[in-house]
Amino acid sequence: MANSRSPRPAPDDAFPTSTSRLQAETEAVLLDHIPTQAQAESAQLPAKLNRSAHVQFLARNFIQGFPAKYTSQDASQPWLMFWTLQSFSVLQVGLDAGNKQRAIDTILTWQHPDGGFGGGPGQAAHLLASYASVCALSIAGGPGEKGGWDQIDRKKMYQFFMSLKQPDGSFLVAHHAEVDVRGIYCLLVTATLLDIITPELIEGTASFIASCQTYEGGFSSASQPYYSSMPYTPESLLSSPRPPLGEAHGGYTFCALASWVMLQPFLDLSPGGISRERPQINVKSLVRWLVQMQGSAAEIGGFRGRTNKLVDGCYSWWVGGAFSLLEALGVSASATGEDSRASGRDAQPGEEGKDGENEHEWDDVDDSFFHREALQEYVLYAGQHPTGGLRDKPPKNADAYHTMYCLSGLSSAQHRMFPSVERREQIREAWKAISPQDTLPSKIRKETFLNSLSWTEDESASKILGGEANRVNATHPVFNLTITHSESIMSHFYGQKVPSRARSSP
Amino acid sequence: MAKATKPLYSSLDEWADVQPLDQYEKVNPLAPIFYTDEYKDATSYFRGIVKSDEMSPRVLDLTEHIIRLNPAHYTAWQYRYRTLMNIKAPLDVELKLMDELAVKYLKTYQVWHHRRLILTETRDPQRELAFVEESLREDTKNYHTWSHRQWVLSHFNDSDLWRGELDFLDTMFNQDIRNNSAWHHRFFVVFQSGVREGEEDRERVVRRELTFTKQNISFAPNNPSAWNYLRGVLEFNKLPFSTLTTFVFPYTQPTDPEAVDLVDLDNPPPSKQAELPCPAAIEFLADIYESEGGESLLKANQLWKSLADEHDTMRKRYWEYRIKESLQKGSA
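Those protein sequence lines, which keep their order, are chains A and B.
Going by the working numbering, the final residue of the first sequence carries number 506, and the count climbs one at a time with no gaps.
Going by the working numbering, the final residue of the second sequence carries number 332, and the count climbs one at a time with no gaps.
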């Protein structure tokens with residue numbers, strides 16, 4: 001509880017600089033949002049999720065429209081849509097059929113005739129807009145003539161993706177635009193959901209991701225490619241020096257790590273790519289950096305996005321949400337060693353039992369790298385705007401972006417998600433091959449499907465600060481969609497039926 | 001907001017030949033934005049231009065107008081770039097415009113990327129570093145600005161450009177030794193971009209960097225940027241942390257009121273006002289003990305426990321994980 005972590009101001013060693021001054025000012029504001037001892041003792045904690053206020057805030061903009069200051073988001077209309085729809089999903093709010101259809105029709109106007117989606121009608125196709133559009137369609141859409149899913153031109157989407165590909169394995173976010181790991185994340189999620197991942201598409205991408213890790217342990221936006229003077233062949237890209245451009249950053253770290261997780265089937269199955277060694281990331285320094293991003297008690301345990309910067313509600317997801325991803329790499333705070341849950345590996349008979357044991361242990365083993373209750377406190381105490389919507393920090397206004405990432409972050413602090421070997425096995429048994437099974441593309445395709453949908457909530461490990469009334473839905477750690485939405489859209493595009501989940505009551 | 005109200009394109013004869021396109025024609029959209037008339041008008045004409053694929057000087061006016069209303073309109077940027085190339089517009093003029101816009105719209109990706117595209121064409125980076133320094137005055141930790149500087153250095157890779165970087169960093173550190181962007185830039189310059197002129201003696205360079213970092217830690221020990229850099233230097237150069245045991249130890253102890261001022265360049269002591277013990281130092285010392293293994297693991301565990309229970313309780317789970325992990329390794 002809050003009063004057991006007495007807030008101590010960040011030490012400035014009597015050596016103030018602009019960083020420490022700003023930090024002190026922020027802590028002073030946050031202090032007003034920490035419940036007093038009296039409140040804590042009388043159990044009058046303001047730890048209530050103001051669901052209806054947030055739903056109203058979202059619905060107002062969604063149905064009536066966004067005020068003119070959102071003109072700065074005119075090229076991010078798919079994001080406004082996705083943030084709103086996914087916030088509703090996390091808050092367990094469904095849309096009526098009429099609004100669903102309007103959402104689908106709106107989203108489809110953003111599809112570019114040459115493939116991909118743009119930030120609005122008539123705008124150029126963009127990786128970020130493509131991710132947001134396809135994810136929004138995962139939530140609002142469905143199969144059939146008016147459902148939106150079958151109206152996505154996957155062939156042209158793939159061509160658009162390939163047209164952005166760079167020799168170092170990275171991608172431009174749009175034609176004539178920048179390279180960064182946000183774009184790669186968005187491309188990989190889109191390609192995973194739509195079943196258009198091929199070895200050719202992602203050749204070299206894992207190496208690029210690995211080259212973005214900085215000495216601090218987190219990841220930067222991009223790295224600088226260096227080429228030998230030879231005309232381009234895959235070998236002419238030098239592995240070093242290839243410095244990261246920009247420092248370790250929460251948003252980029254999430255995107256890089258999630259991409260790394262999505263690339264595991266390729267790394268496991270592709271025999272070294274084209275004469276390259278299997279790229280590596282430093283997981284130890286990554287974990288260290290991630291935990292260092294959690295603010296102190298004086299910052300109510302919110303997350304910052306870079307060393308010596310301020311906490312911000314959106315990093316509740318970008319950093320707080322990144323911890324579940326580690327489980328896909330076999331890294332777990334329960335420290336039971338390299339376990340069977342590592343992704344991309346075939347489960348052997350007998351391992352199922354082992355996984356069951358691990359799951360059982362979660363009842364009493366402390367289970368996470370970060371302080372889950374504290375993060376929930378940050379979102380509930382500081383992240384909620386009194387008139388609805390969530391925000392960076394007080395006294396800022398709420399907006400659609402922060403509403404969604406604060407809520408998703410809250411979700412990642414409430415629930416424990418892990419890739420379940422048991423679930424994987426169920427889906428594997430139900431898998432129907434549609435092409436020869438022993439080719440590399442079809443193996444990757446199958447592993448991608450299994451990895452993506454084996455994510456399962458460990459219901460015994462939920463921690464809901466403020467009680468059941470505050471419960472929000474669990475979200476897929478890689479896609480940031482609910483598990484149900486992830487399963488529906490992937491089953492559709494992969495032509496599979498996934499067995500229903502047995503909901504074990506806690 | 002534009003200073004003087006611009007007449008709408010729909011009222012101008014010279015735009016009469018363009019067929020403006022509404023954004024949503026057949027759909028009643030959800031989540032629409034309430035644009036100003038000015039923005040709606042400009043973007044309708046822009047959609048018309050894109051549709052007819054027109055590349056002409058007036059497209060530059062139109063896209064600049066849109067960019068000033070919404071600098072994140074990446075399609076306007078993209079179309080502007082293609083038009084500039086297509087009509088072979090003078091790029092020095094463009095760059096001057098970018099000088100203004102970069103500072104105005106510091107936080108948009110596009111303004112920096114467009115600058116990069118133009119520089120790639122002009123191949124003249126001479127003004128760039130001074131420009132970056134100027135715009136860092138507005139926002140000392142701006143991610144795009146720092147990345148841009150790093151791109152300029154590595155893309156043009158000209159020793160004249162690289163030469164002044166450490167001096168530039170000195171001015172940044174003098175302003176704020178907690179600016180992590182500056183620390184990252186230092187690592188980029190010293191270690192990750194090849195060996196520069198005058199930096200061939202790597203042992204000397206590493207010594208210099210360690211001295212620099214230790215000194216900064218002594219002024220303000222609770223500065224995670226400096227500790228991360230220190231770790232980075234050691235790990236990158238494959239030096240054991242234990243080379244710094246003597247330096248680190250005093251920082252793991254409570255403040256010593258009896259301490260006398262010492263001048264020890266190799267092991268500068270904490271300043272008198274330092275708030276000790278410093279959790280980053282305790283973590284560092286624990287890492288040293290862990291790498292020694294054997295009996296020292298106990299000492300590492302004690303330190304982690306002190307972090308978990310007292311000095312860094314927010315990360316309690318993590319420190320407990322480190323204890324569990326080391327015990328497993330120790331017994332393996």
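Hints may be right or wrong, so weigh each one.
[Claimed, not checked] Simulated crosslink set (EDC-like; lysine to aspartate or glutamate; CA at most 20 Å straight-line):
(1) A:Lys-284 / B:Glu-235
(2) B:Lys-299 / B:Glu-325
(3) B:Lys-316 / A:Asp-105
(4) A:Lys-69 / B:Asp-41
(5) B:Lys-26 / A:Asp-105
[Stated by the list, open to error] Pairwise CB distance ranges (calculated):
(6) B:Asp-37 / A:Arg-278: 54 to 62 Å
(7) B:Lys-88 / A:Leu-31: 39 to 47 Å
(8) A:Pro-9 / B:Asp-309: 48 to 56 Å
(9) B:Phe-34 / A:Pro-9: 39 to 47 Å
(10) B:Asp-261 / A:Asn-397: 47 to 55 Å
(11) B:Glu-133 / A:Asp-153: 45 to 53 Å
(12) A:Pro-395 / B:Phe-34: 48 to 56 Å
(13) B:Asp-309 / A:Ser-163: 50 to 58 Å
If you are wondering where the hints come from, they were derived from the structure by calculation, not from laboratory data.
Using N, Cα and C, we set each Cβ at its ideal position, and we do this for glycine too.
Hint check:
{"no.": "1", "hint": "A:Lys-284 / B:Glu-235", "verdict": "12 Å, holds"}
{"no.": "2", "hint": "B:Lys-299 / B:Glu-325", "verdict": "15 Å, holds"}
{"no.": "3", "hint": "B:Lys-316 / A:Asp-105", "verdict": "49 Å, violated"}
{"no.": "4", "hint": "A:Lys-69 / B:Asp-41", "verdict": "17 Å, holds"}
{"no.": "5", "hint": "B:Lys-26 / A:Asp-105", "verdict": "9 Å, holds"}
{"no.": "6", "hint": "B:Asp-37 / A:Arg-278: 54 to 62 Å", "verdict": "57 Å, holds"}
{"no.": "7", "hint": "B:Lys-88 / A:Leu-31: 39 to 47 Å", "verdict": "59 Å, violated"}
{"no.": "8", "hint": "A:Pro-9 / B:Asp-309: 48 to 56 Å", "verdict": "20 Å, violated"}
{"no.": "9", "hint": "B:Phe-34 / A:Pro-9: 39 to 47 Å", "verdict": "43 Å, holds"}
{"no.": "10", "hint": "B:Asp-261 / A:Asn-397: 47 to 55 Å", "verdict": "50 Å, holds"}
{"no.": "11", "hint": "B:Glu-133 / A:Asp-153: 45 to 53 Å", "verdict": "46 Å, holds"}
{"no.": "12", "hint": "A:Pro-395 / B:Phe-34: 48 to 56 Å", "verdict": "25 Å, violated"}
{"no.": "13", "hint": "B:Asp-309 / A:Ser-163: 50 to 58 Å", "verdict": "56 Å, holds"}
Of the hints listed earlier, those the structure fails to meet are numbers 3, 7, 8, 12, in rising order.
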